[in-house]
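K.L.:
If you read the protein sequences in the order shown, they are chains A and B.
If you count by the numbering used here, then the first sequence holds residues 1 to 232, one letter each, in order.
If you count by the numbering used here, then the second sequence holds residues 1 to 167, one letter each, in order.
Everything labelled a hint here was simulated from the structure, so no lab data went into it.
Here a beta-carbon is modelled for each residue, glycine too, at the ideal position from N, C-alpha and C.
Certain hints may be false.
Claimed, not checked - Cut-off 27 Å, straight-line C-alpha distance, at most; resulting in silico cross-link-like pairs (DSS-like, lysine-lysine):
1. Lys127/A / Lys176/A
2. Lys11/B / Lys161/B
3. Lys161/B / Lys176/A
4. Lys8/B / Lys104/A
5. Lys161/B / Lys175/A
6. Lys195/A / Lys175/A
7. Lys161/B / Lys104/A
8. Lys105/A / Lys11/B
9. Lys8/B / Lys108/A
10. Lys8/B / Lys130/A
11. Lys161/B / Lys71/A
12. Lys161/B / Lys5/A
13. Lys105/A / Lys8/B
14. Lys71/A / Lys8/B
15. Lys18/A / Lys161/B
16. Lys8/B / Lys134/A
17. Lys134/A / Lys151/A
18. Lys134/A / Lys161/B
19. Lys151/A / Lys161/B
20. Lys105/B / Lys81/B
21. Lys134/A / Lys11/B
22. Lys161/B / Lys108/A
23. Lys11/B / Lys108/A
24. Lys105/A / Lys161/B
25. Lys161/B / Lys8/B
26. Lys93/B / Lys38/B
27. Lys104/A / Lys130/A
28. Lys127/A / Lys161/B
29. Lys11/B / Lys127/A
30. Lys11/B / Lys104/A
31. Lys130/A / Lys161/B
32. Lys130/A / Lys105/A
33. Lys130/A / Lys11/B
34. Lys104/A / Lys134/A
35. Lys127/A / Lys8/B
36. Lys105/A / Lys176/A
As the list claims (entries may be wrong) - Which chain B residues stay away from chain A? Per the calculated CB distances, all over 10 Å, these:
37. Pro67
38. Tyr145
39. Ala158
40. Leu165
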Amino acid sequence: MIHAKNLSKSYAGSTALKDLNLLVNPGEIFCLLGANGAGKTTTINLFLNFTQATEGQALICEMDVAREPLKTKQYLAYIPENLQLYPNLTGLENLQYFSGLAGKKHTKSDLEFLLNEAGLQNDAFMKRIKYYSKGMRQKVGIAIALAKEAKALLLDEPTSGLDPKASNEFAALLKKMSGRGVATLMATHDLFRAKETGTHIGIMKEGVLLQTLSTDQVSYADLENLYLSHMN
Amino acid sequence: MIWNITRKELKENLREGRFQIAALIIFALLLIAVLISKNYYQNMQEQHRQAQNNERNIWENQDEKNPHDAAHYGTYAFKPKYPLSLIDPGVDKFVGISIFLEAHKRNEAQYQAASDQTGLARFGDLTPDFILLFILPLLIILMGYNAFSREREQGTLALLKSQGLSL
Numbered sequence: 001m002i003h004a005k006n007l008s009k010s011y012a013g014s015t016a017l018k019d020l021n022l023l024v025n026p027g028e029i030f031c032l033l034g035a036n037g038a039g040k041t042t043t044i045n046l047f048l049n050f051t052q053a054t055e056g057q058a059l060i061c062e063m064d065v066a067r068e069p070l071k072t073k074q075y076l077a078y079i080p081e082n083l084q085l086y087p088n089l090t091g092l093e094n095l096q097y098f099s100g101l102a103g104k105k106h107t108k109s110d111l112e113f114l115l116n117e118a119g120l121q122n123d124a125f126m127k128r129i130k131y132y133s134k135g136m137r138q139k140v141g142i143a144i145a146l147a148k149e150a151k152a153l154l155l156d157e158p159t160s161g162l163d164p165k166a167s168n169e170f171a172a173l174l175k176k177m178s179g180r181g182v183a184t185l186m187a188t189h190d191l192f193r194a195k196e197t198g199t200h201i202g203i204m205k206e207g208v209l210l211q212t213l214s215t216d217q218v219s220y221a222d223l224e225n226l227y228l229s230h231m232n
Numbered sequence: 001m002i003w004n005i006t007r008k009e010l011k012e013n014l015r016e017g018r019f020q021i022a023a024l025i026i027f028a029l030l031l032i033a034v035l036i037s038k039n040y041y042q043n044m045q046e047q048h049r050q051a052q053n054n055e056r057n058i059w060e061n062q063d064e065k066n067p068h069d070a071a072h073y074g075t076y077a078f079k080p081k082y083p084l085s086l087i088d089p090g091v092d093k094f095v096g097i098s099i100f101l102e103a104h105k106r107n108e109a110q111y112q113a114a115s116d117q118t119g120l121a122r123f124g125d126l127t128p129d130f131i132l133l134f135i136l137p138l139l140i141i142l143m144g145y146n147a148f149s150r151e152r153e154q155g156t157l158a159l160l161k162s163q164g165l166s167l
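Isolated chain A, as found in the complex (with noise of 0.2 Å):
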């Protein structure tokens, strides 16, 4: 569960985010949309304890992420706008090294299967990531959250720069794992892709969430009039 309450954060006198109360629950895939400095990495950067919270709190499993900053990590995966991993390690050793970090012990064949799991091909598991395009590594990404057994996956503009048939893949695995159970708070740009995976939509402006709604109530093109109204 990814829960924000009263979340404020302020740099150097002006206000990068204002009051946040948000809840993702189980299974959840909340999308933050929002025109760039509307605060969307900033709360990211809250849950994941890389900044601190100027006032509120930012719980994940109701742990508090400033008090528990180690322990709140272990329920916690994250994946950034461009995922970077080591380039002269294979994908299946890189998992096997942030899995490992995590304090999980997988063998060769569990990590194959979750590489497997998160849309990568065979042949590309024994490839160097230097060698893998932006979609494989967020693949790569998904299979540590997925080694990691993450209760809560934090994504900043995952699917930025990815095109259609990757970052269709990439929606289906973030599916995946929300039936599995884990709550997603994802920042993206994209109206379409938000609609499409998340199952709330939050919309923000200047480091406030103007409105909250379920992706069921709203069409994509009411969505988009929605969005270019509170932008403008």
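Mind docking chain B on chain A? Use the hints.
P.N.:
Frame of chain A, contents of chain B only:
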């Protein structure tokens, strides 16, 4: 955890061109140093053997005389060379390799090779110990100096931090 990190660092470095080239250069230098050392050791052993034989002949071919006089006559003793000096020649170059033994006197070692060399001698010779003591640590520094900053530069630090590691 430590084993996991060690294994990853080893794999990464072994596959990196910078490390491979540096390791190749050091290995070649080490090989050359061993060959030079072996040659030098064999020459020195031969010179020692000849000098010792000569001194023994001189000592044994003295005229008949009082033992005390013979002690004053004196002889040279040579510091033996051991096979380990193939790796590390030690301080022979600076303290000398032979001592003139004679009665009532405590002579210092003679024939320090360094005294016949220029100031450049202080930078050392190309010996295996020089490679292991000076060049190999440089390789370690070369490989390790950016262990942390590299994580930041290549963008893996955020993912590492999100694994729940204390930095």
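K.L.:
Against the structure shown, which of the earlier numbered hints fail to hold, in ascending order?
P.N.:
Numbers 39 and 40 - these are the hints that the structure violates, sorted from lowest upward.
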